[in-house]
Every structure is written in C-alpha cells, then in structure tokens.
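Protein chains: 2
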Amino acid sequence: MRIWKTGAIAAAMLPLAIAQALAAGKDVSSAEVQYQAGSSPLANVEMYQDINPKAPPLTKAEFDKARQIYFERCAGCHGVLRKGATGKPLTPDKTLAAGTDYLKVFIKYGSPAGMPNWGTSGELSDDEVDLMARYIQQTPPQPPEYGLKDMKATWKVIVPPEARPKKKMNNYNLENIFSTTLRDAGEIALIDGDTKKIISIIKTGYAVHISRMSASGRYLFVIGRDAKINMIDLWMEKPDNVAEIRVGLEARSVETSKFKGYEDKLAIAGTYWPPQYVIMNGDTLEPLKIMATRGMTVGEQEFHPEPRVASIVASHYKPEFVVNVKETGKSLMVNYSNLNEITTKEIPVSKFLHDGGLDSSKRYFMVAANQSNQVGAIDLKDGTLAGLIDVGKIPHPGRGANFTHPKYGPVWATGHLGDETIALIGTDPAKHKQYAWKMVESLKGPGGGALFVKSHPKSKNLWSDAPLNPDPKISQSIVVYDINNLAAGYKTLPIGEWSGIKDDGAKRVVQPEYNKAGDEVWFSVWSAKNKESAIVVVDDKTLKLKAVIKDPRLITPTGHFNVYNTQHDVY
Amino acid sequence: MRIWKTGAIAAAMLPLAIAQALAAGKDVSSAEVQYQAGSSPLANVEMYQDINPKAPPLTKAEFDKARQIYFERCAGCHGVLRKGATGKPLTPDKTLAAGTDYLKVFIKYGSPAGMPNWGTSGELSDDEVDLMARYIQQTPPQPPEYGLKDMKATWKVIVPPEARPKKKMNNYNLENIFSTTLRDAGEIALIDGDTKKIISIIKTGYAVHISRMSASGRYLFVIGRDAKINMIDLWMEKPDNVAEIRVGLEARSVETSKFKGYEDKLAIAGTYWPPQYVIMNGDTLEPLKIMATRGMTVGEQEFHPEPRVASIVASHYKPEFVVNVKETGKSLMVNYSNLNEITTKEIPVSKFLHDGGLDSSKRYFMVAANQSNQVGAIDLKDGTLAGLIDVGKIPHPGRGANFTHPKYGPVWATGHLGDETIALIGTDPAKHKQYAWKMVESLKGPGGGALFVKSHPKSKNLWSDAPLNPDPKISQSIVVYDINNLAAGYKTLPIGEWSGIKDDGAKRVVQPEYNKAGDEVWFSVWSAKNKESAIVVVDDKTLKLKAVIKDPRLITPTGHFNVYNTQHDVY
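Note that the protein sequences, when read in sequence, are chains Z and W.
Per the numbering used here, the very first residue in the first sequence carries number 1; after that it's consecutive.
Per the numbering used here, the very first residue in the second sequence carries number 1001; after that it's consecutive.
Incorrect hints may have been included.
[What the hints assert, rightly or not] Estimated spans, in silico, between C-beta atoms of each pair: (1) W:K1094 <-> Z:S337: 39 to 45 Å; (2) W:P1056 <-> Z:Y262: 54 to 60 Å; (3) W:N1170 <-> Z:A98: 55 to 61 Å; (4) W:K1197 <-> Z:K54: 53 to 59 Å; (5) Z:T384 <-> W:K1407: 50 to 56 Å; (6) W:K1546 <-> Z:G299: 53 to 59 Å; (7) Z:D101 <-> W:K1149: 29 to 35 Å.
[Stated by the list, open to error] To give an idea of the chain Z side of the interface with chain W (calculated C-beta under 7 Å), a few residues: (8) N117; (9) T139; (10) P141; (11) T284; (12) E286; (13) I290; (14) F303; (15) T343; (16) K345; (17) K381.
These are calculated hints, taken from the structure and not from any lab test.
Each residue gets a CB set at the ideal place from its N, CA and C atoms; glycine is no exception.
Isolated chain Z (complex conformation):
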C-alpha cells in the first residue's frame, strides 16, 4: 500500500489512511479527512502570528511553512481556528497540556478514530511532524475577515445584462449540456450531451465544487474552493463568463432563487471562511446582503466561532434559501423577499451538516449530518424539521437518489464514506406514513468510500460509485442495482476498464450523472498518476458502454452536472 509514498497523487483522491484503515477493518472516519483534504486557498494567506510564551519556539520561516501545511492538510477537519470540527480541537490549552512528544506520535502514527498517519504514510517527514507538533501549541493565527468592500473589489460584470444576447445565439441543446469541473486546471468544460463534444472550456475559480443553474436554465453558476463564483451565459454564441466575484477565502456552495416570480433574480453563496453567506443579484452577481453564521451549536448551545456553510438549497415552496451550517448543525431558512429587513428561521438539526438534496416531491430537503451518522428531513413547506434519521457511518449523498421502492414507496438513498451500505429512507408521510423518516432498508455495497448515488424518474436503476475505496477493483468500478429486484444485490460495471485508460492502480471513477432523457449515465474517470482522463457514457437500460469522451483538455474531470436535471432538481 506504499505506492503513494512518492506524493505524486493529489491528496484529495488518494486516501491511503482509509485504505489502510479499511484493510485493517478499522473505522474509516478518516475518509472524511481525505475527502476534505487538498489544497486550501487559506494556505497562502498571510496571517499575523503571535508567540505563545509557553510553547516551544518557532521561527517566522517555520511558522509560515507550518501554517501552510496546516491549512492544506489539517484545517478541513480541525477547523481554521483550530476549535475543532469533525476532528478534535487543537487550541493551545489542549495542545500544551499534551506536549510535543505526545503530539508527534499522534501526527506520525495516526489513530483508529480517524487521524491519518501523516508520518508513516510518507506525507510528512519527521522534521515536518516535529514542526507541526510545535506549531499547534502556538495560538492559531486568524485569517482576515472578508466583507462587502472586499467582495466589491473583486466583483466584475464582464458582459452587462443590456449587452447580452436577446435570444439564444447558438444551436446547442442547452438542456442536455453537461458542466464538468476540470479541477486542477481551474476551469470547467461545457460538453454537448447530444454530440458528446466539448463546446467550450471556461476559466473559473480553483477546483470548482459544484455547478448550479438559474431557474430559467439560461445561466450557469459555478463556485471554486477559493470562493470564486463565475456566471456563464449559455445563450452566447460560445457560452462564456458574463460576471464573476470572489465571496470569501474558501467555499463550497452556490445556488439560485427558484420560487415563482423570482426566477433568475437572486443567487447565494456560502463560505467556509469567513463563516457567512452572501445573497447577490442574480443578473450581475452584485453582492447585496451578507449574514454571519457564527453562533451556538445545536444541543449544547456552546458558541462556535467557525461554523462553515456547507450545502445551500433553494425552496420551490417559498422565497427562501436553506443554508446548512456545519458545526452548529443548523439549517437556516432565509427569506429573500425582503433583503433589507431580512427574516431567518433557524432549524436545529444535528452537527456536521454537509450535503443533501430534495425528495421526489421537492417538499423535503434531506441533509446529511455526516459525522453524526444522521440525515435530517427539512419540511420546506412548513419550515420545520420533519424527521431525523439514524443511518450508517458518515453518510455522503451528494444530492441523493430518489426512486419508488416496490415495498416502501418513495424513498431517498444515500451512500456512506464510512461503511459499505446504502441507506434508503422513506419520504412519503402522506401515503406511506409508516415508512416516512425511517431507514427502511440498508443495501449492501461492494465496500465503503461511496461518494455519490444516483437515479432518475425514468430509470429502474440505482447507481453508486466508490472512489475512496482502497481496493482498485472497486474504486475503478461502478455498481448498479435493479430497483425492482434489490434483493439480487448489485452488478459491477468495469467503468475504469471501459475508459481505456492504462491500468496504473491510480484510476478512480466518480459521480454518476444522467442526461436529460434519463437514458444515459455519465461518469468521470481520471488517473492522477499518468494524468489521463475520460468521460464514460453508459446506456441506462442495457448497462452497456455507449461512448467514451477523451480530450487532452479534460484535465482531472470530477463533478459533472446536466443542465436540465440541475435546473429542475431531477435526481
């Protein structure tokens, strides 16, 4: 398992620790680590560093190096302010008490609870382990805040609304376009779902996390990990950026207003740092209203200084966004009908809210509280928590998958980072009351590390990937279940093989996404080792290979979003 020792692989997609942990039968909450890990834009932000008189000394050069490592490797789980998130707090009161030797052992060898073995995995040298042990005994430096003035300084209207096309100027079938993140290139590719050809490559922020559509389907919004938002006009002859803004230092989520009468009017983004969200003009990205998320945790009601904004969903029932705040475990229902005197309803759910999606009726938002091993069901019509369901270890649904179960009726599915199951939750309190908000079934998958499950109203299949699984046979494959015969278990499709990319042990297949018709499923395949990639298209009915899209411009394709399905929340 030491093939990654050379560090040739981007951290985010090669979870050695999980590999080892899974192989040893250990708890794989460190999947969270690797899932979170990867270069953080905060690593390069100059921060003021005090000297803690009680801590071992550190030179300025050592501070800077350690701070960079901290934000790149550790902040994802331990927090920017080191107050703890899914990982434990690392504030000086605790770390000084532990002492350098204890900390070095922990950092070097990891722990069964999920701390990666940064030292013995080869990720950090012994000197670096010692450096980090000393660094975390110092006061955490605080990154700068980022308010309206900072946002406005980065806001650009590249093509003002009045200068944009009055009608669609191209012949593309916009609804079947796929927006594909080219992670390491800081770009997205727009791929024509009909012809399977690349329409354009567009410059964006770094490692675009998600794509979202405006309600009309004309505008595409993407947000990079660096909190840069790009707004793309699909009506242009060659679709390209019409506006951009940077809304913070690190982010994951963007969304647009979907309530009737507000189509294309507003956009919203949430940031990891600073912990806040901003509502913008949907036509220009002009920042209008910023709201901080620092507040009290669900249950214990202790103040958390760094509650990151995870997913955001737009309600179809009210002029509201639902902003999910990770460390406080609260879903904030934000009413955008009055942005000046703004009303917010705060729903306590469960800590570590992360991703989620609507149920098939679109009335309920199913959100994973990942390290709490729970899923919350938020009733968007009544503005209340309808249910809180215990599921498996570290649910990771993406937006989840809706289908009609032969026995249980409408269900929503999620895979798990921490075990090999797929949980099915009943979502129909009207006609299937006895199953609503319960885990009605748990499907067995090939092994843990599932990132995305997917289905489609027109499909009889439930798909799941497992890119964080240590076994290459699994991480390079996709499994598919027949919804009408779940007891038969899953079929495995060798997507990695079908991609035609050489078998170098480093290929990963991720994120099933349907086309508009619901008869094709698209997968991203890439190998970080030999830097080859492909998009594999499978026929949803026959389960046979339909097409392989290869293009040297497709650098590290990760998430892809079909315009129609994203616009209408079809999944």
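Guided by the hints, dock chain W onto chain Z, whose structure is given.
Quick look at chain W alone, frame taken from chain Z:
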C-alpha cells in the same frame, strides 16, 4: 477642576474629562466614556495572554495589571476585543504602527475627539500610562465564551413555583413600589411609594442596571453589570429572591414577555460579553435558547466580532422581543412563539444603538443610535423601520418621555450627553403625518450631560436631569418644562439642596421617576465623597418638595423604577 485628582470618586459619575471639555467648549463625546466607565466584571477574569514579538516587552504581572485597567477604563469605548466601538480600534496592527511614544501622549493628554486625558487628570500615573501604551501593542486577550453549560451551573431556583404563595401575602400597594438600585452595595431597595419606607433590601448582582416587571406585575427582574439576574416575588410576605442566574460576564438588559397569552411566561437578557442574548423560562429563569449577535455592521457590512446587546424591549403587538445590537446597529425582532425553530427579523437601523422606549401608542420603539446622533423608530406592528431621525449630540433618552405637544401632537423626547438640547420627535403618522419621524423642536437645557427625561400621561411637566454636567449647580439640580408653555424655557429645582446632604461639590441628582398616580416625581441623590444619599420626592403639580427619604441602607442609589409604570410602559 482638579478636585477629583485624589481618585476618591467613582469613575462612572465624575467625568472630569467632560468637565474640562465642556468648560473649554469642546466636543463632549467623552461623556460617553465616563458614562460607560466604571468597574467591569471582565477585569477580574483570567485570560490567556500571548506575547507579540513585535511589541515592547511586558511581564506577566504587568499584563495582569494592564488588563485590569483596560477592562475597567477602556473597554467600554474601545471594546473587549479592542476592535473599536465608540472609540477607535486598538488592535496591534494599528497600535504598533503608532508606536509607544505616540500612544503615551494620547493616553496622557487625551484628544478633542473625546479621548479622556487619563494622565493629566490624575487617573493614571506616568508609569501606568506607559504600561497601557505597551499593553495595547500586544494581542488583545480574549475572554472566555459562556454557553448553556456555564449558565446552568449558576442557575438556582431558590423558591420553586409550587412553593410560592398562592396569593399576595403582604399588605403593600405593589403597584406603587419603587425598585431602587443600590449600585455599590450589590443590592436593590424596595421602597413603598405610599409610605416612603423601605420594605426590604435584597441582594443582587453588582451595579444593577435596570429593573423590569413581569406582565402580571408580580415578579421583578433585575440585572447587574456582572450579568447576574435576580427574580423577586412581590407576593411574598417580605419580597425576596426566588430565582437567579448569571447569563454572561457583562450585561445591561433584561426584559419579560408582554404579548397576550405570554404573560409571565418568558424572560430575556442580553450581554455585552459574550455578545449574545438568552431567552429563559419566566417562572424559573431556566435558560432555554441562546443566540449569538456577532454579525455584519449596518451599511458597510463588515464583520464585527463583539456587537454588544444594549436595550431590549417587549412588543405588545406580537410575541416578539426587540433586541438592539450596538456595534452592528441592528434591531433584531425575535419571535418567541417557537423557541426551538426560532424566527428572527433583522432590521438595520444605525450604529451604536443603546437605549430607548416606546411611544405613547406603544406601537413604535424609539431607539437612540447614540454616537451616530440619530434615533430610529421601529414599527413593532409591521416589523419595519418607520423612520431614522437626526437629533443632537449623543442622544440619551433612558426610555424617553412621551407627551402631547400643543402644536405637534404626540411627541417623544430625548436629552443628550453631548449638548444641552432636548429633541422632540413627532410619533403620530396617523393624525400628525407631517411631523412624524422628524425632530420638530429642540428645547434648550441648562447644559449637556442629560441622562434622563421624564413625563407622565397625567402630567403637564417634562423633567430632565443633568448629572454629568461639570457645573455642580447644574448637576445637583433638576429642570422642568411646562409642556403647554415650552417657549418659557425651564424652571430649576434645587434637588441637591432639598436632599439635605452637605454641599461637598460631589453631589449628583439623577433619574426622575413618577409614582403610579403620576403626581409625584422621585429623584436619587448621592454624594460619592461623603457617602451620603437621599431620595427626594417632589409634588408634580406644585413643584414643591414633598418628602426626603433617608436611610443608612440607601448606599449609592441610582436608577429607580416604579412597578406600575415599568409593568405597563408608562412614560
């Protein structure tokens, strides 16, 4: 003006800087300083102090002494976290740039903009000035947070509800009781308004800031500067504490639920530190819901880490509290009908919200944004900002004074700390639309430093004190206007003389408060020098002395609250 050099006088009530500034015709925004100054409970909280490698050295002993001075003298204007409030920010990036010598001059000599001359006034020695200049170049230590667990550890139900009297067990006319703060004693005195005798002295937190009544008039709530709340049952044979809780480290406000159906059900308190508010069970003070106020400032939308909760008012129109947040300048309308999934409407007003009161209809909350020289009118029925009125320098209304102006109809009055005027604002958009939300008249007072104005629906008088005025003739008197003949100017009543306390140049008279009948006005008089005090009662119609209440137990009486008027918001 050097009589205070000996430091024998409590800082809060002897504003030498204002005296000198006023005498020199300077801006008296330093009235805010003295108004805020005084012992802070935070001064004694042990805090972790880092060493700033760029700053001049400081020993641990020096740190502790400087930190204490900082919280006692400086935090009121510069903030606990030194990010600035009414005073400028004092964070290391700024103070290091200024350097020790510059800072020493500033601290020693003050500035025309309102910084007191701590050195030349004799408040701080040269060594202490040097100490403080060095201290503020270090990183501000952060006081601890204070969450549910901390509150519960201090929460005591001294007499559980079931053990309390089922009917009133004494013969006092409860509605005419006065709750009087005995500031330095950490007590309140309950005084029988009919007999003018002390009913009981009750132990409370330090320097009780205000008293508030439950909707039924049975329970009295007081909050000390140290954030300790005491709940007193007036039905007991000898009224005394039945519950207590400490809700933070420093506070100013407490209130109870007044909407129909919620009488006596809930209480709320807001804190300066931590910046948050807590809603409690109105029967036992059990803490139920804590909400943080850290957020973006009105207008510039920059993050403020320490927005203190100033006044809180209870709406009669909806099940809502209005929580006024100082540094962000926002009034939060908090709906208490659902404490679990809680809805808040955030009204941007103007920075430096502080005190205020209802208009005569009780529909509008008039709140002073003091250092912005403005008053906001919050419509409690429609949940919106009805008006924002420019007034004089640093309005300080207390709860203000409502009366019917012969020309302008219903008006609300506020005095000012920074000039000698009383502003009258029209409050009747229904029948006097042209005057609503405008300053219709500005009365001339005897000199600045007015803390409280007062009137009563049954009275033809408007009263004002001026305890922060440097001229003892003024600070020891009270002025009164005839509402029907405002042009005639004010009459002066020598309350200080009437109190019978020796003339030592250190007497101050403060806070006119009516009795239930509206025919008596009560004043607190005290001399910090010879530690004598009295309560002077004046006949509202004849303007003649009616009674003087003296009792050795009346130690530093400051604010007093008539039960009936406080219960029903009569002012």
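* Between W:K1546 and Z:G299, is the Cβ distance one that fits in 53 to 59 Å? -> Holds, since W:K1546 and Z:G299 (Cβ atoms, about 56 Å apart) stay within the stated range.
* Restraint check, 7 Å cut-off on beta carbons, for Z:T284 near chain W -> Cβ of Z:T284 sits 17 Å from chain W, so the hint is violated.
* **Pairwise beta carbon distance, Z:D101 to W:K1149, judged against the given window 29 to 35 Å** => holds (32 Å)
* **Hinted contact Z:T139 with chain W - closest CB pair below 7 Å** => holds (5 Å)
* Holds or violated: is the Cβ of Z:N117 closer than 7 Å to a Cβ in chain W? -> violated (31 Å)
* Does Z:P141 pass the interface check with chain W, least Cβ-Cβ distance below 7 Å? -> violated (10 Å)
* To do: For the range 53 to 59 Å, tell me whether the beta carbons of W:K1197 and Z:K54 fit it or not.
  => holds (58 Å)
* Can you let me know if the beta-carbon spacing of W:N1170 and Z:A98 is within 55 to 61 Å? => holds (59 Å)
* Would you say the C-beta atoms of W:K1094 and Z:S337 sit inside 39 to 45 Å of each other? -> holds (41 Å)
* Do the beta carbons of Z:T384 and W:K1407 sit within 50 to 56 Å of each other? -> holds (52 Å)
* To do: Classify the hint on Z:K381 as holds or violated, based on whether any CB of chain W lies nearer than 7 Å to its CB.
  => violated (14 Å)
* **Interface hint for Z:T343, Cβ within 7 Å of any Cβ on chain W** => Holds, because the Cβ-Cβ distance from Z:T343 to chain W comes to roughly 5 Å (cut-off 7 Å).
Checked against the numbered hints listed earlier, the structure breaks hints 8, 10, 11, 12, 17; every other hint is satisfied.
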